[in-house]
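A.B. asks: Sequence:
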Amino acid sequence: MPAERIGILGGTFDPPHIGHLVCAQEALVQLDLDRVIFMVCGKPALKDSSAIATAEDRYWMTCLAVADNPAFEVSRIEVDRIGTSYTVDTLRELRQQIDDGDEVFFIMGADALREVPQWKDARRVGEYATFVVATRPGTDVRAARATVLDRLPNFSFDLIILPNLEVASSDIRERVRNGQSIHYLVSEEVEHYVQQRELY
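Heads up: the sequence shown begins at 1 in the numbering used here, then just goes up one per residue.
It is worth saying that the hints were derived from the structure and are not from the lab. One should not assume that every hint holds.
Unchecked claim - Under the rule of at most 25 Å between Cα atoms (straight-line distance), these lysine to aspartate or glutamate pairs were calculated in the DMTMM-like manner:
1) LYS43 to ASP32
2) LYS43 to ASP100
3) LYS120 to GLU166
4) LYS120 to ASP102
5) LYS43 to GLU73
6) LYS47 to ASP150
7) LYS43 to ASP121
8) LYS47 to GLU174
9) LYS120 to ASP150
10) LYS47 to ASP171
11) LYS120 to GLU93
12) LYS43 to ASP89
13) LYS120 to GLU56
14) LYS47 to ASP102
15) LYS47 to ASP57
16) LYS43 to GLU198
17) LYS47 to GLU198
18) LYS43 to GLU174
Please take these sequences and the hints and turn them into a complete structure.
C.D. replies: Here you go:
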């Protein structure tokens with residue numbers, strides 16, 4: 001079986017929205033990937049997990065969001081793991097599940113770049129995957145990279161350019177709390193799930 005180029009898009013996906021889908025699609029095309037795995041964070045290390053929807057709800061919303069794209073899939077690695085979710089542990093486990101020749105690309109938003117030095121075993125993450133940073137409007141990638149290099153001198157990443165689209169899960173949650181529509185910001189299936197489960 002020929003080697004694959006696999007993208008990993010990690011996130012809390014609370015909820016998954018069109019920005020996540022556009023990011024995954026652009027990575028698929030710009031990096032010539034065979035597939036993109038949405039890695040739903042089980043228990044975030046850098047967020048208050050009591051303030052977000054359950055891992056199961058976030059997992060199922062993500063499944064609904066990507067269901068119409070055969071190149072997208074959703075992983076339960078972090079959802080099923082007990083304890084805090086760490087990228088290095090996830091990539092190490094994923095590496096055991098795929099072929100040795102497969103290439104792995106870990107995709108993250110440019111806004112998350114500054115957090116990399118705070119990650120568990122941040123220096124080792126690059127052993128398991130190539131970092132890919134997706135630009136977002138208003139983010140100075142050069143300044144963020146300089147901040148990371150102060151702590152991780154050998155850190156490097158590829159870059160993908162996203163359309164000028166700004167959508168945030170926090171804004172969507174706020175709209176739900178305020179009784180405002182989230183139509184077109186998330187897939188119709190995710191919108192219905194949020195309503196049925198009375199999330200946020």
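A.B. asks: Indicate, hint by hint, whether the structure satisfies it.
C.D. replies: Evaluation of the provided hints:
{"no.": "1", "hint": "LYS43 to ASP32", "result": "violated, 31 Å"}
{"no.": "2", "hint": "LYS43 to ASP100", "result": "violated, 28 Å"}
{"no.": "3", "hint": "LYS120 to GLU166", "result": "violated, 29 Å"}
{"no.": "4", "hint": "LYS120 to ASP102", "result": "holds, 24 Å"}
{"no.": "5", "hint": "LYS43 to GLU73", "result": "holds, 20 Å"}
{"no.": "6", "hint": "LYS47 to ASP150", "result": "holds, 23 Å"}
{"no.": "7", "hint": "LYS43 to ASP121", "result": "holds, 17 Å"}
{"no.": "8", "hint": "LYS47 to GLU174", "result": "holds, 17 Å"}
{"no.": "9", "hint": "LYS120 to ASP150", "result": "holds, 17 Å"}
{"no.": "10", "hint": "LYS47 to ASP171", "result": "holds, 16 Å"}
{"no.": "11", "hint": "LYS120 to GLU93", "result": "holds, 15 Å"}
{"no.": "12", "hint": "LYS43 to ASP89", "result": "holds, 13 Å"}
{"no.": "13", "hint": "LYS120 to GLU56", "result": "holds, 24 Å"}
{"no.": "14", "hint": "LYS47 to ASP102", "result": "violated, 31 Å"}
{"no.": "15", "hint": "LYS47 to ASP57", "result": "holds, 17 Å"}
{"no.": "16", "hint": "LYS43 to GLU198", "result": "holds, 21 Å"}
{"no.": "17", "hint": "LYS47 to GLU198", "result": "holds, 22 Å"}
{"no.": "18", "hint": "LYS43 to GLU174", "result": "holds, 21 Å"}
Hint violations for this structure: numbers 1, 2, 3 and 14, all remaining hints satisfied.
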